[in-house]
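Protein chains: 2
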Amino acid sequence: MGLKANYLFAVFFLAILACSERKYEKYESNKEFSSWNKVQPIALVIHGGAGTIKREDMSPEREKAYREKLMESLNVGYAVLADGGKSVDAVIAAIKVMEDSPLFNAGKGAVFTHDGKNEMDAAIMEGSTRNAGAVAGISTVKNPITAAYEVMENSPHVFMVGKGAEQFAEEQNLELVDPNYFRTERRYEQLMKIIDSERQQLDHSSIREMELEDPFFKDRKFGTVGAVAVDAAGNVAAATSTGGMTNKRYGRVGDVPVIGAGTYADNATCAVSATGHGEYFIRNVVGHEIASIMRYGNKSLDEAANEVVMDQLVKMEGSGGVISIDAQGNISMPFNSAGMYRGYIREKGQAQTFVYNDEDEGL
Amino acid sequence: MGLKANYLFAVFFLAILACSERKYEKYESNKEFSSWNKVQPIALVIHGGAGTIKREDMSPEREKAYREKLMESLNVGYAVLADGGKSVDAVIAAIKVMEDSPLFNAGKGAVFTHDGKNEMDAAIMEGSTRNAGAVAGISTVKNPITAAYEVMENSPHVFMVGKGAEQFAEEQNLELVDPNYFRTERRYEQLMKIIDSERQQLDHSSIREMELEDPFFKDRKFGTVGAVAVDAAGNVAAATSTGGMTNKRYGRVGDVPVIGAGTYADNATCAVSATGHGEYFIRNVVGHEIASIMRYGNKSLDEAANEVVMDQLVKMEGSGGVISIDAQGNISMPFNSAGMYRGYIREKGQAQTFVYNDEDEGL
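Just so you know, the protein sequences line up as chains A and B, in that order.
Under our numbering, residues 1 to 363 are what the first sequence spells out, in order.
Under our numbering, residues 1 to 363 are what the second sequence spells out, in order.
It cannot be assumed that every hint is accurate.
To be verified - In silico lysine-lysine, BS3-like type, Cα no more than 25 angstroms apart, as pairs: (1) A/K163 with B/K142; (2) B/K69 with B/K163; (3) A/K348 with A/K86; (4) B/K163 with B/K86; (5) B/K299 with B/K69; (6) B/K348 with B/K64; (7) B/K163 with B/K117; (8) A/K86 with A/K69; (9) B/K163 with A/K163; (10) B/K163 with A/K117; (11) A/K299 with B/K142; (12) B/K348 with B/K86; (13) A/K163 with B/K117; (14) B/K117 with B/K86; (15) A/K117 with A/K163; (16) B/K54 with B/K193; (17) B/K69 with B/K86; (18) B/K163 with A/K142.
No lab work stands behind these hints, which were simulated from the structure alone.
This one's a predicted model, so the numbers in the text were calculated from it and none came from an experiment.
With the hints as constraints, model all of the structure from the sequences given.
Pasting the structure below:
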């Protein structure tokens, strides 16, 4: 063969090699990265739920309240990371701020079930060990995310539900509250309106009217809070907490406590916290699907997250979004609904918050 | 460029093309297959739990009882498929036979919680729509798998737990039973033995002695029943049902009702039902991991199932196994424990059952 043919042959051989090696490239480089890189970036991303959040429906005061609380959550969580703390502690700190606020459908702002109760779900996972904890259908723990953490840290189990989970939380000395602590008038009114509309067999257009009257009412299927972070050791973590769907019945549980669906973390790929129409997120195993597209499909975090949220979920008409982060501090937070309360904070310590789908995230 | 160089360039180009197209090859060919192939094979695979099931601990009578019941389950499920029925109906029929038998830790043979109750979990998923249904912590539905099916078919939800799930089952006119229906003396004795051993703070060696006395006792963490099938239309389905862990507390839920972990189905890849130490199966998102390795990692069903069960789970010391099937009727049923009650039946209608890890499955 002539020189040119030899050259082409070499290019061909290298191309084949590159193809076959491609899928583990990211995985290996992650490992390397966290072991020798001296400036491992720290970062925290949060969400406060996705839904039909539109600028024209939002008052300036309401928007300001959301942005301020998101900012507070980011700063509290970031302080843990900046102090050399673990990502798992940062996501808990960030989530607790949102659980304690009546603005979000989690903890204090949880929506009501059909029977007029507040039943909450939460989950947490750490990427270094892939250890995880989840609780569903609990009504007495002030911060449900702390119950999920105790399941992960202090039990041989991953998932506990109902009274049993509450008993475990009590034995772990978590702060318990009277179930009435979770009652907020705004959420209770939402329940009453929906039950009324069912009783009178109103059609969808009157539900639509209620939505126009009260922008919060629209989010009745989508409210959730979540956080993902990477710490100075290069470990990622994910946490999610929710009050579920307004007017839910039959002990319905969504994607939040389903490890792999609404909450997932693995240092080799990414940490994901989802918010949206939970049934679709379970069926698509959203968190683990993003991780799998990265690991086996050789895509970046942003490509993988967008493929799942903007293509797979859209095809199924599964509304919502995710926040996600990888061990290098890359961030992706796609959503296919009109808005998603969200924000992030990176090395420089400047928190950024976003609500609508036309804001420049600067990522 | 000369002729040779042109030729090399063409080969190079085709190689790149082949590389980039590879990952969807299986997905596309599946779709094609089910649309034009006239001899779509039907097949059903079942398991009755994995654990430290050893030949030397097993009496001939006991082994015979298990094999006969597995055979009955296979034949009942296969009759549905042979009759042109759906894979989802075949797996339900097969599971009900095992739920109704006291031999398996599901339905009638469910183990006891620490509080002396039988709390059951079940899930089902169909591969054509990726629709799914799951229930956890139910005590009054005779066949928990039928409750999971009703959640999938007749509710907008995927996952229901506890009393709410029972209420839904009742409204769907499922057969309800007094919780005492699930009490079997063998299982109750097992609970008493474990509680005794805890009370007396016996060490692990006396648990080991109990295990030697009673082979069934060993399976206290692993009992589950499951089925996967492909029907004449090329649609796969998966179903799993369990009584959970003997002496379980705190409303612990394992991998069975966690869609993506213990139960998963997608025509584009495979249907999986798992059995084993549930916590590890949740953290590894076992069912969806097998599907992802096929879809994005371009591996066969058998390669993917073995990678997860014999490598990933073994590294984490997660004991157990899976049964899995794809739309072409390929079957894989790896397990990393000493034994797994299992069997399959294909076109010729000859059911095969297996218990130990040294039996030739003829796959």
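Verification of the hints:
Among the hinted pairs, A/K163 with B/K142 is consistent with the structure: their alpha-carbon atoms are about 23 angstroms apart, no more than 25 angstroms. The suggested pairing of B/K69 with B/K163 is violated, with an alpha-carbon distance near 31 angstroms, which exceeds 25 angstroms. For the given pair, A/K348 sits about 18 angstroms from A/K86 by alpha-carbon distance, which is consistent with the 25 angstroms threshold. Using a Cα cut-off of 25 angstroms, the hinted pair B/K163 and B/K86 is violated, with the two alpha carbons roughly 30 angstroms apart.
For a cut-off of 25 angstroms, the pair hint linking B/K299 to B/K69 is broken: about 33 angstroms separates their Cα positions. Restraint check for B/K348 and B/K64: the C-alpha separation of about 23 angstroms stays at or below 25 angstroms, so the hint holds. Annotation: proposed proximity of B/K163 to B/K117 holds, straight-line Cα distance about 14 angstroms (limit 25 angstroms). Restraint check for A/K86 and A/K69: satisfied, since their Cα atoms lie roughly 22 angstroms apart, inside the 25 angstroms limit.
At roughly 11 angstroms between alpha-carbon atoms, B/K163 and A/K163 fall within 25 angstroms of each other, so this suggested pair holds. Straight-line distance between C-alpha atoms of B/K163 and A/K117 comes to about 14 angstroms, which keeps the hinted pair within the 25 angstroms bound. Simply put, A/K299 and B/K142 have alpha-carbon atoms about 46 angstroms apart, too far for the 25 angstroms limit, and the pair is violated. Simply put, B/K348 and B/K86 have alpha-carbon atoms about 18 angstroms apart, close enough for the 25 angstroms limit, and the pair holds.
Our distance criterion of 25 angstroms between C-alpha atoms is met by A/K163 and B/K117, whose separation comes to about 14 angstroms. Distance check on the hinted pair: B/K117 and B/K86 sit about 34 angstroms apart at the alpha-carbon level, beyond 25 angstroms; violated. Restraint check for A/K117 and A/K163: satisfied, since their Cα atoms lie roughly 14 angstroms apart, inside the 25 angstroms limit. Proposed proximity of B/K54 and B/K193 is supported: the alpha carbons are some 21 angstroms apart, at most 25 angstroms.
Under the criterion of a C-alpha separation no larger than 25 angstroms, the hint pairing B/K69 with B/K86 is consistent with the structure, at around 22 angstroms. A distance of roughly 23 angstroms separates the Cα atoms of B/K163 and A/K142; the hinted pair therefore holds under the 25 angstroms criterion.
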